[in-house]
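The chain contents come next:
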Amino acid sequence: MTFVSRLLGKTNGLIGAVMLGLVLVVAFLGAVWTPYDPLKSDLLNRFAAPGLAHPFGTDMFGRDVLSRLMRGAWVSVSIGLSTLVIPVVLGTVLGAAAGYFRGWFDRLLMMVLDALMAFPGLLIALGLMAVIGANRYGVILALSFAYLPAVTRVVRGSVLSISQNEFVEASAVMGNSRLYTLIVHILPNCLAPLIVLSTMMFGWVLLAESALSFLGLGVPPPEPSWGNILSEAKAHLMRYPLLGLLPGICISIALLGVNLLGDALRDELDPKSASAPSKEAI
Amino acid sequence: MILFVLRRILMSVPTLIIVAVIIFCLVRALPGDAALMMLGGNIDDESTLEMMRHQLGLDQPLPVQFMAWLREIFSGNLGISVRTGQPVGELILDRFSVTATVVLLAMASALAVSIPAGLFAAHRHNTRADYAIVVATILKLSMPSFWVGLMLLVLFGAILGWLPTVGYVSVSQDFGLGVTYLILPVTSLALSEIAVMTRMMRAGSLEVMNRDYVTHARAKGLPERQVLWRHVFPNAFAPTLTMVGIALAGLLAGAAVTETVFTLPGLGKLLVDSIYGRDYPVLQGALLFIAAVYVVTNLLIDIAYSFFDPKVRLS
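Those protein sequences? They're chains A and B, same order as listed.
Each step along the first sequence adds one to the number in our numbering, with nothing skipped, and position 120 is 120.
Our numbering runs 1000 ahead of the 1-based position in the second sequence.
Rather than coming from a laboratory, the hints here were simulated on the basis of the structure.
Values in this document were obtained by computation on a predicted structure and should not be read as measured data.
Every residue gets a Cβ at the ideal spot worked out from N, C-alpha and C, and that includes glycine.
Please note that a few of the clues may not be correct.
What the hints assert, rightly or not - Derived coverage of chain B by chain A (criterion: at least 3 residues anywhere in the stretch with Cβ under 8 Å from a Cβ of chain A; other residues may be distant):
(1) 1024-1031
(2) 1059-1070
(3) 1173-1183
(4) 1283-1297
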């Protein structure tokens, strides 16, 4: 409780949490209820201006823009959350094993990770999308793989530095097995950097999903995601800029929430780490 | 120093080899039969197909295929585009010149803005000017740069009509016209880099701002401008320099999206088109080229870093 109140006591933590909370509420609402069917076209009512019936107007197929943005929020957020699972679980296992047991496994893993880091994440995802095919599971899998090296490195790094502590030595002296020491004494101390990284990663995934979908290599239409709403609007932007403005604002609000909350979390949980802003340029 | 440079160069060799293995596996995993594709897609003559497979070496074990591919790369042969019949190496270099122009111009303008901006914000730490800079950077950091690019395109291209919206004219063909095609892509890429690097520069400057040597420089009566540029800047710049390497790579990958937005015939557009067109030799070559550029860039940055921070050379 004290931790949460300290976090929300900071201006950036509070604003970030509120914005991110708003996005999550809209996303969960969009999963179960939207004012209109987000897929139902109405060709007699294309490009309707914002009004009482359609607060944000309608798109090139006469679909309600608000409904599409709400369902799109759900699609984008659910992809963002599911993408965290594989890198966090697998990255923790790999990173912990490499950082704690060292040896040839560590050296080999670091070499492969260094090579993987030689690609920008979006590029790995692009290549994988070509293999898997453009659909939402492809996006999740491709981005999971793209962000796996980052998690593995962070966990390995913290395991390495925590292993130097005396309580780890004490645990060994007490006769605990190495695995027990790793799980009970070392891993819980890696949680802080992992939480900070996951928050940031959620933002990167939202950004990368929108970029992939924008390129037509993400969630296929007609199912709306923030990226493909923007992509579909592209051809009509010159006459109806609002269609492109709105999904971009949605992505920006979500990312701003993530960035602010992530900064506050890092200051609170992991103050030692450099205040380097990490963001993939997309 | 020479030893450090040599060791650093040697270290990047295994990285490049693993990169090649990864790309090779990725491209082999792609759906579709390469032999069938070379023959135009609809051949049901099994023996012709077999012959094509043999010709392409596809009937060999994978490690043999990999070594053969590596040999080809070292002799400068990246294969031939399935779609256009052009040599892949030529195609990549041709497109890379466009991407490099945009990316380097964006990086140069980003550095020109963010170094003074970051120093200034740190100098005015906790004042309104500082807060304004911090808020502006975090706002920009939260906007996808391709979306900002699109909105710039709508504003300056369609609504105001000042700049062209579609197409590309090389600067070497017609300088004046070429520049008008470059302004928007460079601006949209530069804006996001400015946000990242201003924050880095500010954080780096804040860290050294209260060091003894800075106080000493002030105490001996140097004007504030000289304190900032002579004493704070060189020490605060090293972390930002590392960021430049990461950012350059990010820009190369981000170019795929930016170039699609602005319909620039660059490397990123080539990559995306090769995925759509299932042009695997081009995809393979482009991925390898971008990864190699990234590895070399990081190598150069690391070497440059050792000039700013001599401790690196000894570790």
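To see whether the hints hold, each was checked on the structure:
1. 1024-1031: holds (count 4)
2. 1059-1070: As far as the region 1059-1070 of chain B goes, the hint is violated, because 0 residues have Cβ atoms under 8 Å from chain A.
3. 1173-1183: violated (count 0)
4. 1283-1297: holds (count 6)
The structure shown violates the earlier hints numbered 2, 3.
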